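Visitor: Starting from the given sequences, assemble the full structure and let the hints guide the process.
Taken in order, these protein sequences are the chains called A and B. Residue numbers for the first sequence follow our numbering, so the first one is 1 and each next one is one higher. Residue numbers for the second sequence follow our numbering, so the first one is 344 and each next one is one higher.
Incorrect hints may appear among the rest.
[Said to hold, decoys possible] To list a few chain A residues with every Cβ distance to chain B over 12 Å, as calculated:
(1) T5
(2) T7
(3) F8
(4) E17
(5) G23
(6) D177
(7) R282
(8) A288
(9) K315
(10) S325
(11) S336
[Stated by the list, open to error] Label-pair restraints from in silico Cβ distances:
(12) B:T654 with A:M328: 30 to 38 Å
(13) A:R282 with B:D515: 33 to 41 Å
(14) B:G494 with A:A132: 48 to 56 Å
(15) A:R308 with B:T555: 29 to 37 Å
(16) A:K106 with B:A672: 55 to 63 Å
(17) A:G299 with B:G663: 30 to 38 Å
(18) B:T347 with A:G171: 41 to 49 Å
(19) A:E295 with B:A655: 40 to 48 Å
(20) B:A655 with A:G299: 41 to 49 Å
Simulated from the structure, these hints should not be mistaken for laboratory data. These numbers come from a predicted model, not from an experiment. A virtual CB, placed ideally from N, CA and C, is assigned to each residue, including glycine.
Protein chains: 2
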Amino acid sequence: MSQTTLTFDTLTATIREIFLKAGLSPLAAASVATIIAAGERDACKSHGVYRIEGCLRTVKAGKVVPGALPTLEDEGSGVIRVDAANGFSSPAFELGAPVLAERARKLGVAALVINRCTHFSALWPEIETLTAMGVAALAMCPSYAAVAPAGGTKPLLGTNPFAFGWPRPGGDPYVFDFATSVAARGEIELYCQSGQQLPEGWAVDAGGQPTTDPAAALDGAMLPFGDHKGSAISTMVELLAGAMIGDLTSAEALDYLGTTTLAPHHGELILAFSPERFSGSRRGDPFARAEVLFEAIAGQGARLPSQRRFTARRKAMADGITLTSEEMALIERLRSGGLVAVS
Amino acid sequence: MSQTTLTFDTLTATIREIFLKAGLSPLAAASVATIIAAGERDACKSHGVYRIEGCLRTVKAGKVVPGALPTLEDEGSGVIRVDAANGFSSPAFELGAPVLAERARKLGVAALVINRCTHFSALWPEIETLTAMGVAALAMCPSYAAVAPAGGTKPLLGTNPFAFGWPRPGGDPYVFDFATSVAARGEIELYCQSGQQLPEGWAVDAGGQPTTDPAAALDGAMLPFGDHKGSAISTMVELLAGAMIGDLTSAEALDYLGTTTLAPHHGELILAFSPERFSGSRRGDPFARAEVLFEAIAGQGARLPSQRRFTARRKAMADGITLTSEEMALIERLRSGGLVAVS
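Guide: Take a look at the structure:
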């Protein structure tokens with residue numbers, strides 16, 4: 001199989017061109033393209049080039065406004081709100097992030113609410129933007145009803161990503177970002193495409209029975225990670241980043257779209273914390289104290305989350321990003337305005 | 344085996360008397376006693392009468408100041424700080440909670456930091472205090488190094504409780520409160536006392552090998568729930584409710600105490616959210632919208648967290664709290680100033 005190697009910048013520019021052609025604003029096209037290219041750069045295939053077509057399908061279906069301009073609403077409280085105006089989430093986040101970090105530094109803790117956005121990406125790009133601004137951050141959002149609550153049998157909760165970051169001055173941040181389902185939906189879709197069976201414990205079929213068939217899983221319900229504990233966290237995400245922020249829960253997002261083949265429309269909640277403000281003058285530098293913890297984790301042979309991503313990133317930035325001939329053909333088809341697959 | 348049935352108020356008063364005799368301030372004695380009695384009332388044996396002796400041991404060891412008076416520091420920002428002055432956590436929480444709820448209503452989101460406290464209880468009593476004030480709340484704290492990070496073999500993280508609550512006007516709140524280990528340490532101690540083997544997957548022995556022997560587990564390391572995801576959340580608790588708030592991590596708490604038989608000394612972080620402030624004028628009443636979610640969970644036969652507790656509570660408030668003859672003998676021994684077991 002022939003392969004093509006591109007620089008991160010070239011891949012980003014190529015994807016940006018596709019989104020400009022699809023009617024995205026220059027800001028949105030650049031933002032969405034950068035996040036998808038970052039997925040490839042970090043070897044997160046389920047959030048890489050594979051996502052382009054899903055975004056384009058969502059534009060064609062009229063479920064996202066490609067040229068939407070986000071607006072920021074700020075009363076000076078601990079809650080900053082960005083209305084994505086039915087556009088993609090990433091330009092809305094970029095508008096709100098600096099205000100969020102500034103407010104966290106002023107008040108200690110602050111929240112960014114993004115409303116009416118189409119969310120297509122992982123949360124770690126947003127978390128990393130905030131840790132680079134020197135604040136710790138916790139982000140969460142619904143997706144669409146695909147996961148049964150613990151003890152249940154029907155899709156109700158989303159795969160609801162939950163992500164956290166802590167700045168590590170001079171190094172890669174501490175970042176985790178995971179689905180509150182056992183697996184991310186994108187992973188099951190990749191199993192489905194490749195014809196592989198799922199590991200046990202990931203899903204139930206439409207009858208509520210355990211299954212390892214990825215197609216049956218997509219027709220049935222995925223399961224939460226960590227049984228009732230993960231189910232509880234996922235429910236918390238529906239409450240805080242759905243009902244509380246006045247935006248769609250995962251069940252409502254699925255009703256709105258009518259399909260799981262489009263990028264979901266809902267809101268997002270991001271909390272930011274200023275470690276300096278929280279620690280005050282107590283017990284020394286919180287960042288230095290955190291390093292003691294990280295060293296103790298690594299010192300017993302355990303891995304910090306995201307290390308695989310950071311390693312892939314360094315390699316990609318040095319050696320380029322390698323795409324398969326199928327991935328290049330997909331990009332070429334979309335770039336030349338070719339048909340977008342319906343599902 | 345003979346049993347004794349007491350009212351909640353009688354049990355609370357009986358435990359309060361023990362703590363007053365041990366030198367706790369009237370405020371602290373009432374607060375600690377109420378929380379322990381609430382554990383029995385809610386059929387949480389691992390946080391009930393069983394905890395009294397651990398609290399007294401911690402007093403006798405000089406690791407908690409029984410008559411400490413907490414002080415509140417408030418600059419009007421999003422972070423309210425209570426210095427527990429090396430006393431128990433619960434009177435410090437009671438001092439800070441109304442200010443936290445008021446600040447959340449004003450700013451949308453606010454945080455209560457409790458520093459220098461001895462923590463002996465579950466987090467749900469605090470969560471329920473806040474939901475009764477009409478705010479949603481998220482609480483977390485370290486404990487002491489007892490859990491190996493995912494992929495590791497040595498105790499480093501605490502069992503780090505993580506709890507959340509959402510007010511349900513007119514009914515019991517939505518509340519979850521769980522250890523970020525597979526099991527709470529108190530559960531393993533109860534297995535140890537009763538001579539039962541642990542379920543598989545709860546712990547490793549001192550050599551890092553899986554074990555079902557509760558004594559070997561207490562000598563070795565417990566495991567995080569949900570593998571690397573639970574391990575990541577537990578690490579987040581160490582960062583936010585340890586390093587960030589200028590208080591002890593679980594490893595530092597164990598160093599400070601030198602034993603796991605005393606109640607741990609560290610800090611605590613509680614976030615509060617005003618659903619009305621977050622929702623603004625969008626999409627209707629957030630509480631009503633949350634009820635739709637709860638009904639959908641219960642409607643497919645899944646259980647909301649804490650339902651078992653609320654059912655036990657209603658029964659105990661109607662029929663009284665039943666203690667075994669051993670539990671009554673323990674209470675009598677401690678009430679008459681009898682010896683406190685060393686471990």
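Visitor: Between A:R308 and B:T555, does the beta-carbon spacing fit 29 to 37 Å?
Guide: holds (32 Å)
Visitor: Beyond 12 Å from every Cβ of chain B: is that where the Cβ of A:G23 lies?
Guide: Check passes; 27 Å lies beyond 12 Å.
Visitor: Confirm or reject the claim that B:T347 and A:G171 have a C-beta distance inside 41 to 49 Å.
Guide: violated (59 Å)
Visitor: Report holds if the minimum CB distance from A:S325 to chain B is greater than 12 Å, and violated otherwise.
Guide: holds (33 Å)
Visitor: Quick one: work out the minimum CB distance from A:S336 to chain B and report holds if it exceeds 12 Å, violated otherwise.
Guide: Nearest chain B Cβ is 41 Å from A:S336, so the label holds.
Visitor: Taking 48 to 56 Å as the hint, is the beta-carbon distance of B:G494 and A:A132 inside that range?
Guide: Roughly 27 Å apart at Cβ, these two residues miss the hinted range, so it is violated.
Visitor: Over 12 Å to the closest beta carbon of chain B is the bar; see if A:E17 clears it.
Guide: holds (35 Å)
Visitor: Range hint 30 to 38 Å: satisfied by the CB atoms of B:T654 and A:M328?
Guide: violated (60 Å)
Visitor: Taking the minimum C-beta separation from A:D177 to chain B, is that value above 12 Å?
Guide: Label violated. Min Cβ-Cβ 9 Å, cutoff 12 Å.
Visitor: Does the beta carbon distance between B:A655 and A:G299 stay inside 41 to 49 Å, or does it fall outside?
Guide: Since the Cβ atoms of B:A655 and A:G299 sit about 43 Å apart, the hinted range of 41 to 49 Å holds.
Visitor: Is A:K315 truly not at the interface, in the sense that its beta carbon sits beyond 12 Å from all beta carbons of chain B?
Guide: The assertion about A:K315 holds, with a minimum of 22 Å to chain B.
Visitor: Just double-check A:T5 for me: nearest Cβ-Cβ distance to chain B has to come out over 12 Å.
Guide: holds (31 Å)
The structure fails hints 6, 7, 8, 12, 14, 17 and 18 (numbered hints given earlier, in ascending order).
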